[in-house]
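A.B. asks: The primary structure of each chain is shown beneath.
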Amino acid sequence: MRDRLPRLIAWLLCRRPEILGDLAEERAGGRSRAWLWRQFASTFFPRRPRFPRETRFLTPFANDLCYAVRILLNNPGFAAVAILAVAVGVGVNAGIFMILNGAALKTLPAPASDSLVSIYQEIRGKTTRNSHGSETLVATSEYERYRDQNHVFAALAAYEPFLEVTLGGDQPQQLFGQLTSCNFFDVLAEPPALGRSFVAADCAPGNGAVAVIGDTLWRVRFAADPQIVGKKILLNRQLLTIVGVAPPRFTGSEVVAASVWVPLTMQKLLEPPLDFSHGDWSWLALLGRMKPGISLNQVRADLGVIAARIDLTDPGRATRLDVSIASYLGRPEERRAIKTVGALVFTAVGLVLLIACANVANLLLARATGRRREIAIRISVGATRWRLVRQLLTESLLIAVLGGLAGTMIAISTFQSCAYFILSHLPRGAPQLTFDVSPDWRVLAYSVGLTVITGVVFGLAPALRASRRDVNSSLNSGGGFLRQVLVGLQVAISSILLVAAGLLLHGLWVTQRIDPGFEMNHVATISLNLRGQGYNIEQASAFQRQLRERLESLPGVTGAAQAHVTPLEESHNRSMFLAPGSTQELLIERNQVSPEFFSVLGIPIVRGRNFTEAETRGSVKVAIVTESTGRRLWPGEDPLGKTLRDADERAEREVIGVAKDAQVSSIGHSDTLYVYLPVSPDGQRQMQWMVRYGGTYAPAAAALRRAVHSIDPALLITVAPLEDNLELRRLLSRISSALAGSLGILALLLASTGIYAVVAFTVSRRVREIGIRIALGAERRAVVTMILRQAVKPIAIGAALGIGGCAAVSKILSSMLFGVSEYDPAAFLGVTLLIACVALAACYVPARRAVKVDPMVALRCE
Amino acid sequence: MRDHLGEFEQIVLLAIARLGDGAYGVPIRREIEVRTRRYVTVGALYRTLDRLEEKAFVSSRFGDPIPERGGRAKRYFRVGPLGIKALRRTERELAAMWQGVDLEKVRHAR
Numbered sequence: 001m002r003d004r005l006p007r008l009i010a011w012l013l014c015r016r017p018e019i020l021g022d023l024a025e026e027r028a029g030g031r032s033r034a035w036l037w038r039q040f041a042s043t044f045f046p047r048r049p050r051f052p053r054e055t056r057f058l059t060p061f062a063n064d065l066c067y068a069v070r071i072l073l074n075n076p077g078f079a080a081v082a083i084l085a086v087a088v089g090v091g092v093n094a095g096i097f098m099i100l101n102g103a104a105l106k107t108l109p110a111p112a113s114d115s116l117v118s119i120y121q122e123i124r125g126k127t128t129r130n131s132h133g134s135e136t137l138v139a140t141s142e143y144e145r146y147r148d149q150n151h152v153f154a155a156l157a158a159y160e161p162f163l164e165v166t167l168g169g170d171q172p173q174q175l176f177g178q179l180t181s182c183n184f185f186d187v188l189a190e191p192p193a194l195g196r197s198f199v200a201a202d203c204a205p206g207n208g209a210v211a212v213i214g215d216t217l218w219r220v221r222f223a224a225d226p227q228i229v230g231k232k233i234l235l236n237r238q239l240l241t242i243v244g245v246a247p248p249r250f251t252g253s254e255v256v257a258a259s260v261w262v263p264l265t266m267q268k269l270l271e272p273p274l275d276f277s278h279g280d281w282s283w284l285a286l287l288g289r290m291k292p293g294i295s296l297n298q299v300r301a302d303l304g305v306i307a308a309r310i311d312l313t314d315p316g317r318a319t320r321l322d323v324s325i326a327s328y329l330g331r332p333e334e335r336r337a338i339k340t341v342g343a344l345v346f347t348a349v350g351l352v353l354l355i356a357c358a359n360v361a362n363l364l365l366a367r368a369t370g371r372r373r374e375i376a377i378r379i380s381v382g383a384t385r386w387r388l389v390r391q392l393l394t395e396s397l398l399i400a401v402l403g404g405l406a407g408t409m410i411a412i413s414t415f416q417s418c419a420y421f422i423l424s425h426l427p428r429g430a431p432q433l434t435f436d437v438s439p440d441w442r443v444l445a446y447s448v449g450l451t452v453i454t455g456v457v458f459g460l461a462p463a464l465r466a467s468r469r470d471v472n473s474s475l476n477s478g479g480g481f482l483r484q485v486l487v488g489l490q491v492a493i494s495s496i497l498l499v500a501a502g503l504l505l506h507g508l509w510v511t512q513r514i515d516p517g518f519e520m521n522h523v524a525t526i527s528l529n530l531r532g533q534g535y536n537i538e539q540a541s542a543f544q545r546q547l548r549e550r551l552e553s554l555p556g557v558t559g560a561a562q563a564h565v566t567p568l569e570e571s572h573n574r575s576m577f578l579a580p581g582s583t584q585e586l587l588i589e590r591n592q593v594s595p596e597f598f599s600v601l602g603i604p605i606v607r608g609r610n611f612t613e614a615e616t617r618g619s620v621k622v623a624i625v626t627e628s629t630g631r632r633l634w635p636g637e638d639p640l641g642k643t644l645r646d647a648d649e650r651a652e653r654e655v656i657g658v659a660k661d662a663q664v665s666s667i668g669h670s671d672t673l674y675v676y677l678p679v680s681p682d683g684q685r686q687m688q689w690m691v692r693y694g695g696t697y698a699p700a701a702a703a704l705r706r707a708v709h710s711i712d713p714a715l716l717i718t719v720a721p722l723e724d725n726l727e728l729r730r731l732l733s734r735i736s737s738a739l740a741g742s743l744g745i746l747a748l749l750l751a752s753t754g755i756y757a758v759v760a761f762t763v764s765r766r767v768r769e770i771g772i773r774i775a776l777g778a779e780r781r782a783v784v785t786m787i788l789r790q791a792v793k794p795i796a797i798g799a800a801l802g803i804g805g806c807a808a809v810s811k812i813l814s815s816m817l818f819g820v821s822e823y824d825p826a827a828f829l830g831v832t833l834l835i836a837c838v839a840l841a842a843c844y845v846p847a848r849r850a851v852k853v854d855p856m857v858a859l860r861c862e
Numbered sequence: 001m002r003d004h005l006g007e008f009e010q011i012v013l014l015a016i017a018r019l020g021d022g023a024y025g026v027p028i029r030r031e032i033e034v035r036t037r038r039y040v041t042v043g044a045l046y047r048t049l050d051r052l053e054e055k056a057f058v059s060s061r062f063g064d065p066i067p068e069r070g071g072r073a074k075r076y077f078r079v080g081p082l083g084i085k086a087l088r089r090t091e092r093e094l095a096a097m098w099q100g101v102d103l104e105k106v107r108h109a110r
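Listed in order, the protein sequences are those of chains W and E. Start counting the first sequence at 1; every next residue gets the next number (my numbering). Start counting the second sequence at 1; every next residue gets the next number (my numbering).
Hints are computed from structural coordinates only; laboratory data are not their basis. Predicted model only: the values in this text are computed from it and were never measured. Ideal placement from N, C-alpha and C gives every residue a C-beta, glycine not left out. No false leads were slipped in.
Away from chain W, derived, C-beta distances all over 12 Å, residues of chain E: (1) L82; (2) E91; (3) A95; (4) G100; (5) D102; (6) E104.
Cβ-to-Cβ under 7 Å is the rule here; a few derived chain E residues that face chain W: (7) V26; (8) G43; (9) E68; (10) R72.
Here are some chain E residues pointing at chain W (derived, C-beta under 7 Å): (11) G25; (12) T41; (13) V42; (14) Y46; (15) R69; (16) G70; (17) R75.
All chains, full assembly: derive it from the sequences and hints.
C.D. replies: Next up, the structure:
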């Protein structure tokens with residue numbers, strides 16, 4: 001039998017089956033749904049709520065609340081508009097907060113993660129250090145001192161956050177992993193689901209050829225083989241024994257999901273020729289498990305002493321420790337970036353909320369005028385001002401709570417799927433990220449706090465106004481000035497948001513159409529990692545030679561070039577160069593390229609000559625510099641024939657050519673210090689290919705893959721259009737302009753309903769006056785113009801203020817995102833025009849309606 | 001005075017008394033609406049019924065589940081001995097108060 005009651009009612013009244021039964025029976029007898037809801041409301045909000053003796057003090061508040069519910073139920077239109085406005089405002093805020101919370105506020109998803117501490121170093125002063133990934137990581141020797149000398153940790157683990165390995169076998173696969181100290185799993189309290197984790201013996205010198213693999217890898221690659229422990233895998237052609245499988249859903253301690261863990265001792269074998277264990281390499285992130293009863297400040301003090309001791313051994317060095325409860329994106333530089341971006345985004349969504357508040361405040365002001373009689377009666381029978389304000393604030397808080405609830409629910413349901421959508425549409429080759437944006441107590445606390453603040457912000461001014469004791473003054477002014485200020489504020493804020501959106505959209509357009517100074521179309525890249533696949537130098541040279549022949553013989557291919565780094569790849573090699581005669585060492589970006597590089601990419605050599613085939617065999621030390629590099633190094637002189645001293649190679653290179661500037665290093669900058677070196681036989685294991693092809697991409701890419709696999713069928717490669725190197729940047733532009741655009745439109749919608757409501761209200765209070773004017777012969781058009789002229793003043797002032805604010809916004813945005821210009825007349829003019837149109841329309845509709853009223857009706861109306 | 005009857009409580013008690021064996025939520029509400037022409041919400045009715053039962057003026061029992069009520073039982077009410085006593089006393093008190101009151105005169109006297 002179908003239950004004819006709304007599910008919410010059935011659920012809320014589940015403990016009163018007799019009432020539900022009565023309601024069901026009445027419903028079957030033909031009562032409407034609305035009737036049902038009214039009856040339902042009557043069971044929850046009695047006219048005079050009674051409390052048991054112990055909680056009797058709540059009675060007045062319950063009275064207020066019940067009265068507020070009745071007021072809202074009697075004005076469903078007003079209630080719906082107000083609640084919706086708050087829902088939009090609180091919703092976007094809660095949604096953004098949810099994403100921030102998932103990305104950077106939640107503690108690591110590990111047991112008792114509030115006692116897990118992450119430690120990074122920021123070193124000031126004169127020291128030279130190498131870094132792998134980030135300068136805030138610590139060196140092996142430092143890790144050992146922190147580990148052995150501290151008194152606050154039960155255990156301190158270290159790991160290398162960025163390990164990229166190739167899993168060998170029939171189908172090679174690129175994996176992200178972590179090199180870890182042998183207590184890593186113990187510190188995280190994540191015992192493996194199968195087998196064991198690392199033991200101290202694994203970290204003894206010469207040992208460590210073992211690995212723990214992730215749950216997903218185990219299921220997907222090894223078909224959840226229960227006998228997996230003891231089997232061997234090839235990682236970067238090193239044979240490792242699987243000793244355990246990590247627990248399900250464990251993906252390491254970084255945002256980038258890791259699927260394999262190997263002891264630190266394996267670093268040199270997995271990442272040759274680099275050896276991080278000696279010298280000052282910043283490469284380890286630290287994770288400590290605090291002893292019970294230890295506070296974060298005690299940890300800081302204790303580690304600070306050790307850091308100071310380290311500083312003493314290295315004169316001039318000053319270490320500042322960054323100690324915090326471990327979370328994703330916890331490195332100081334990541335925190336700084338999040339703070340900047342977060343401040344900007346929260347300003348934007350905060351502004352939307354402010355508009356919503358102004359909107360509701362305006363509605364409340366208008367309604368307060370309608371409720372003057374009621375309030376006057378309450379005052380005359382002795383209500384105190386506090387009593388009135390309390391009643392009115394209860395009403396606004398009720399609106400806020402309902403709106404906040406709706407907004408939070410909308411945010412939870414939409415932003416989560418938005419975040420997953422974005423995460424699953426990252427550009428090709430991007431690692432898998434593990435954000436957990438599901439709501440937790442922080443999100444709820446944030447929403448509740450925001451809701452209460454919202455309710456007070458939009459409720460207080462109208463409540464204070466409405467409850468004034470001198471009835472006369474409130475009769476006369478009717479809150480006109482406050483209303484106009486609120487309208488101006490809304491217009492100003494929405495124009496700021498819209499200009500920001502306009503600037504970002506323009507920036508996106510620029511990014512899509514960028515001319516980087518080299519030819520991107522019809523060039524495909526082949527990325528391969530021969531070193532990771534275990535090739536030695538001779539094998540690599542032979543392979544590359546063979547591949548060149550195959551590629552060049554492909555039909556439609558007009559050129560194939562090698563480079564260590566493809567243009568605009570997010571990877572930069574820089575080293576110190578010294579121009580003889582100058583004492584200043586310069587950090588210059590370097591790239592090894594084959595002679596075809598310049599023709600495939602269409603970068604002309606403007607002076608001198610290209611590399612020769614002989615120079616790529618490595619004995620002759622030559623270099624090609626870019627025009628602006630030449631100007632910087634040898635101002636006013638001819639770079640040809642000059643020499644450059646390479647601090648890394650400790651050798652001099654002769655400049656044989658000058659290439660035209662191009663944005664090969666980063667988009668928007670063609671004057672980066674950049675030097676091209678010829679490919680060397682040693683470097684053959686790390687060379688990428690760029691192939692110029694004719695026709696469409698898909699068949700060309702397939703042909704390229706076939707060419708590679710005809711030499712080594714098991715080789716792991718990625719073929720992609722060169723343009724994909726811009727994808728990440730475009731994605732950022734797209735996300736930020738989509739966000740700003742939707743916020744701007746929301747703001748405009750809110751503001752225009754606000755303007756509409758205010759104009760409609762003022763007009764409705766002047767119906768008599770308008771009637772008289774028309775009866776006396778005023779033209780309707782003149783009356784409309786009059787109304788518009790009065791309404792336009794606050795709008796114009798608001799828009800002017802807003803445009804002023806926009807100048808500041810555009811300065812900030814242009815410094816953060818490529819393609820956004822500081823003064824963009826199109827965006828400014830377009831937004832002003834848009835706002836003017838929307839605001840005028842919002843004024844015109846009610847004005848028009850007012851003058852259409854028959855003067856006789858208008859005169860009688862009171 | 002603990003066992004004092006409010007006006008709406010009287011009305012509800014009388015409605016139950018009138019209905020006899022068939023007194024549950026829907027007919028009680030309908031009886032009051034038809035006779036007094038008052039609009040009574042379900043919430044108000046059950047709040048009063050609960051209070052009356054707390055004071056032991058009425059007793060209630062659940063019947064069998066009924067399909068047209070979504071499989072839910074009716075809760076039948078009966079006026080208990082204390083309720084009858086309270087109704088009697090109220091009737092007496094009111095009668096005593098009405099004695100000798102002539103509303104026509106009251107109005108003219110003003």
